[in-house]
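Each chain, written out:
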Amino acid sequence: MSQIASICRALDFVEAHLKEEITVADMADAAGYSLYHFCRMFNSLVHHTPYDYLMRRRLSESARDLVESDKRIIDIAFDYRFNSPETYSRAFKRMFGTQPSQWKELGWLDERFLMSRLTREHLEHVNAGEYLRPVLEGRDAFRAAGVMTLVEDGGETISRLWEILARELEGIEGAEYYGITWYPVSWEKSGFFYMAGVEVTAMDSANPALVVKAIPPLKCARFIHRGSRGDLQLTLDYIYQTWLPKSGERLAYPLEIEYYGQDMSAAWRDAELEVYIPIE
Amino acid sequence: MEPKIVEREQIILVGFSFYGDPFAESGGWTEENEVGRLWQRFLAYWAENGDRVKHLRGGDLAYEVHIGGYEETDSMGHVEVFVGMEVTELEDVPVQLLVKVLPPTRYAVFTLRGEQITSDWPRMIYDEWLPGSGYKSARDYLIELYDQRFKGLENLLESELDIYVPVR
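Chain order of the listed sequences is A and B.
The opening residue of the first sequence carries number 55 in the numbering used here; numbering runs sequentially from there.
The opening residue of the second sequence carries number 1398 in the numbering used here; numbering runs sequentially from there.
The hints are simulated quantities; they were obtained by calculation from the structure and are not laboratory data.
Any given hint might turn out to be false.
Reference listing, derived: stretches of chain B covered by chain A, where coverage requires no fewer than 3 residues with Cβ under 8 Å from a Cβ of chain A [claimed, not checked]:
id : segment
1  : 1409 to 1420
2  : 1462 to 1472
3  : 1519 to 1533
If you anchor each label on the Cβ, the simulated ranges turn out as follows [claimed, not checked]:
id : chain 1 : residue 1 : chain 2 : residue 2 : range
4  : A       : 66        : B       : 1528      : 25 to 31 Å
5  : B       : 1467      : A       : 230       : 54 to 60 Å
6  : B       : 1467      : A       : 300       : 23 to 29 Å
7  : A       : 147       : B       : 1525      : 42 to 48 Å
8  : A       : 206       : B       : 1534      : 57 to 63 Å
9  : A       : 152       : B       : 1401      : 55 to 61 Å
10 : A       : 304       : B       : 1466      : 37 to 43 Å
11 : A       : 128       : B       : 1537      : 32 to 38 Å
12 : A       : 304       : B       : 1468      : 31 to 37 Å
13 : A       : 160       : B       : 1525      : 49 to 55 Å
14 : B       : 1492      : A       : 152       : 44 to 50 Å
15 : A       : 73        : B       : 1525      : 30 to 36 Å
From the three backbone atoms N, C-alpha and C, an ideal C-beta is built for every residue, glycine too.
Build out the structure end to end from the sequences listed, making use of the hints.
This is the structure we're talking about:
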């Protein structure tokens, strides 16, 4: 049995027992490893300690319950095996930067920051290379011209945007392609904005059929994503749920920039692209 | 993996200690973990001050002791790891060093060779060997004993490492 398969059994075990009293030793048993070896394996493949992952999964599901159910906070705390509302609040604030009561009042979830239930796909993706270590760097201001819309269904709308852009730009060579995502407040309800675009140097060079978006100078963490655009979610989960809390960095804007270089076909087939996340 | 059974008197160690999840900090990023850092800290101290330590029990032996049995070991994966050298007397210990006294006991001694060293040998010992051995685990710790047969992780294939498991 491969290491990833063993660790997946521990991940499944966590999901089946989020509301029960379980220990890291129980997770190791589920994986079939000694406790010490398990902690080492889990860390190197999941990039969280087993206990950290268990707590983040519990807190993330509790965050969902806060918004989606009428349960009292104290009951949710006990549901997920916190000893008291105080320990729950402290852990919650540590992960989400806000109190459970404020979160409940706000009434919407930013899925980007909830710890996803990690799958075999996540583990294989994150461990396929060392490429998830970002480079921190400044980016100059730039303008992108393209097509932009509110995305509610994910992939399909985005593919259509790229098709439209490809038709508008037919015959143009040497353009640099960007996918720009903007998350408005409570985007879980309304959807997010996505722009398929090219960099333009001056306003007047833009085709009037296209919209122009100005991106200010940013400090960014630059990640390399390998695989299809469909797998991009695996990289984004890693960035927001694992890298961000570990790095101690803070997001400057609710914005992601995908950079495809001069080959826009990388937007719909397996390729390598850069993902820029603005940080403070 | 057949052990030899040995009786040992009380073992007095002087060295450094770590308590927590040894893999929490660096996780999968590097080969570095808290046990590696513990050794670096200890060896740096030893290089500078080793000759001030008295009653040293000679031989090129370095001990790494893993102590479990805490509630937090099971629930959070926290362990105590102690690294150090053996001394014959509990006297004249420099204030920088901690002391660990291991009681007289019987040990099952396993010699790990090459890739066995990085394998999940605790499981082979405790889950596979122990149940059918006629022995029982006697204490909540085990010893990794490093001597000149251990050539470093970069020369794993030529290396050997002895594991001492307290049994009764």
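Verification of the supplied hints:
1. Taking a C-beta to C-beta cut-off of 8 Å, the segment 1409 to 1420 of chain B contributes 3 residues in contact with chain A, enough for the three needed, and the coverage statement holds.
2. With 5 residues having a Cβ less than 8 Å from any Cβ of chain A, the segment 1462 to 1472 of chain B passes the three-residue criterion, so the hint holds.
3. Using a Cβ-Cβ cut-off of 8 Å, 4 residues of the segment 1519 to 1533 of chain B lie near chain A, which meets the minimum of three, so the contact claim holds.
4. Taking 25 to 31 Å as the suggested C-beta distance range, the pair residue 66(A) and residue 1528(B) conforms, at roughly 26 Å.
5. One distance hint, 54 to 60 Å for the beta-carbon pair residue 1467(B) and residue 230(A), holds here, with the actual separation near 56 Å.
6. For the pair residue 1467(B) and residue 300(A), the supplied restraint of 23 to 29 Å holds, since their beta-carbon distance comes to about 26 Å.
7. Hint check: residue 147(A) to residue 1525(B), Cβ distance near 44 Å, so the stated range 42 to 48 Å holds.
8. The hint said 57 to 63 Å for the Cβ distance between residue 206(A) and residue 1534(B), and at roughly 58 Å that hint holds.
9. Taken as a hint, the range 55 to 61 Å holds for the pair residue 152(A) and residue 1401(B), whose Cβ atoms sit roughly 59 Å apart.
10. Between residue 304(A) and residue 1466(B) the beta carbon distance is about 40 Å. The supplied range of 37 to 43 Å therefore holds.
11. For residue 128(A) and residue 1537(B), the Cβ-Cβ distance of about 37 Å falls inside the hinted range of 32 to 38 Å, so the restraint holds.
12. As the Cβ distance of residue 304(A) to residue 1468(B) is approximately 35 Å, the hint placing it in 31 to 37 Å holds.
13. Distance hint check for residue 160(A) and residue 1525(B): the Cβ-Cβ separation is about 52 Å, which falls inside the suggested range of 49 to 55 Å.
14. For the pair residue 1492(B) and residue 152(A), the supplied restraint of 44 to 50 Å holds, since their beta-carbon distance comes to about 46 Å.
15. The beta-carbon spacing between residue 73(A) and residue 1525(B), approximately 33 Å, falls within the hinted interval of 30 to 36 Å.
Violated hints: none; the structure is consistent with every hint.
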